[in-house]
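Asker: Below are the chains, spelled out letter by letter.
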Amino acid sequence: MKQLTYPFSPEAVRELKVGDMVLITGKLFTGRDAVHKYLHDGNKSPVNLKNQIIYHCGPVTMKDKKTGKWTVTAAGPTTSIREEPYQWEVIRDHGIVGVIGKGGMGQKTLDACKEYGCVYLHAIGGAAQVLAEKIKSVDGLYLEEFGLPEAIWELTVEDFPVVVTMDAHGNSLHKEVENSSKEILKTVL
Amino acid sequence: MTKKVPAKRPASKILSKKTIKKPVPKKLDPKAQTIESLLELIRVTSTEIPDDVAKTLMKARSQEEQNTTASYAMNIIKDNIDLAKFKSQPLCQDTGTVIFFVYHPPGFFQNAFKELIKKAVVKATQKGYLRQNSVNSLTGENAGTNLGEGHPSIHFYEHNKKEVEIKLVLKGGGCENVSTQYSLPDTTLGAGRDLEGVRKVVIDAVYKAQGKGCGPGALGVCIGGDRADSAYNAKKQLLRKLDDKNTLPDLAKLEKEIVETCNKLGIGPMGFGGKTTLISCKMTHANRVPASFFVSISYMCWAFRRQGVVLDKKNTIKTWLY
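Quick note, the sequences are listed as chains A and B, same order. Here the first sequence stands for residues 1475 to 1663, where the numbers follow our numbering. Here the second sequence stands for residues -3 to 318, where the numbers follow our numbering.
FYI, nobody ran anything at the bench for these hints, they're computed from the structure. Some hints here could point you the wrong way.
As the list claims (entries may be wrong) - Taking lysine to aspartate or glutamate pairs in the DMTMM-like style, the calculated list, with each CA pair at most 20 Å apart, reads: (1) A/Lys1588 x A/Glu1489; (2) A/Lys1524 x A/Asp1585; (3) A/Lys1656 x B/Asp75; (4) A/Lys1608 x B/Asp75; (5) A/Lys1660 x B/Asp200; (6) A/Lys1660 x B/Asp47; (7) B/Lys204 x A/Glu1652; (8) B/Lys204 x A/Glu1489.
None of these values were measured; they are calculated from a predicted model.
Next comes chain A alone, as it looks inside the complex (with noise of 0.2 Å):
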């Protein structure tokens, strides 16, 4: 199990490997759809995301009616390859150096992960509770009239698990399963 610790850089996150489980302590920025829509039409971002992580996440939020604080009850990652006409340009553009969601992403990502020092990091699908555990505060709500689930939240985690499966070295778990499964799949039809 290795550790992947705030403040991130282009330079520790090529350290990591296809395979490693990692934990991640520090902040994170959710942004799915909507928000990469956004960026990647040219909008500004409204937060800094040099050097930072992006969490393909809508989670469920609750908002405490007497304070006025956010929770997030639920955050398990959704299908990261609907960004796949966005990401490049986003890592490129807004120096994000981690990717956080499921499925996997296509050749230019893994090119933008290469040419930019970003990894994407495969979070497990549908276990919203076990993640939603590791998140420690919630800090910031951008662009909320996205959606509550299409928002940025900024967030404050711990230990969030996570599967290495591209790294800024051009290897693809994702592509290496496909590849063996395709050979397997023409036997048996």
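Here the structure of chain A is known, so what remains is to put chain B in place on it, guided by the hints.
Answerer: Just chain B, lined up with the frame of chain A:
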């Protein structure tokens, strides 16, 4: 009020045994009681995995090799199942399309019941059992209530029993996106208009879903029907218990064969590679016109949220169906 309805497997801190034996005597009017029962159904569906699914997942977990990413994934899945139940919070943040199947005696007032379902859905959303998850497809607006055109999805069936039975499936977007429909023959797969062709397209669908549908997955399949009914009947197969056996020998055999073959693909939990790619395949069929041969596949993620209740005369929950 929440103590009125007996919880399925109550966390000890919420309900003591004493509470179960002596329900709060406060009487709700029939409508309010129905809403309470529906709310409890939604809560349990969103926060607890049905026993048959849990059992299958735990068996799959024990079969993965230790210290692999696959066993890592299955361990987190187990922790998540335990934690969601303990905290009474959604297993997965995508609480999905909310699909009700209501089985009722003759003379039942469907429209009135629909309104009660909607009220329960709004309440469940406020309580965080459901995410604000329903978006207007034209405007992109999210009303935050889970109500809107076509949502929740409610299906009624008349049955010969005196009681009302309600089944609920919460179907997340990730697994719905990899659900699919094939039209046979499919020349690229060499799939003809027979059960062998069906087998090929179903395996192809599982191969294509890799990584995306939160595996290990479970399938509902319908062979035949028009495009719409075929897709709907495939989804309805998800109501079957995983350990039941198809009454049609041909389909029973095919279900088993598909699970075994898919588990040879090595896709594994989350697509990390591993032994369990599929935990179940349930199949049905519907007549088709001679010109068409559709095969519909409804893919369900490991967070298989399905529950059901029977209501008694007072609209309280009498029994849990899964």
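Asker: Compare the structure with each hint and give your call.
Answerer: Hint check:
| no. | hint | result |
| --- | --- | --- |
| 1 | A/Lys1588 x A/Glu1489 | holds (12 Å) |
| 2 | A/Lys1524 x A/Asp1585 | holds (19 Å) |
| 3 | A/Lys1656 x B/Asp75 | violated (32 Å) |
| 4 | A/Lys1608 x B/Asp75 | holds (13 Å) |
| 5 | A/Lys1660 x B/Asp200 | holds (10 Å) |
| 6 | A/Lys1660 x B/Asp47 | violated (35 Å) |
| 7 | B/Lys204 x A/Glu1652 | holds (9 Å) |
| 8 | B/Lys204 x A/Glu1489 | violated (31 Å) |
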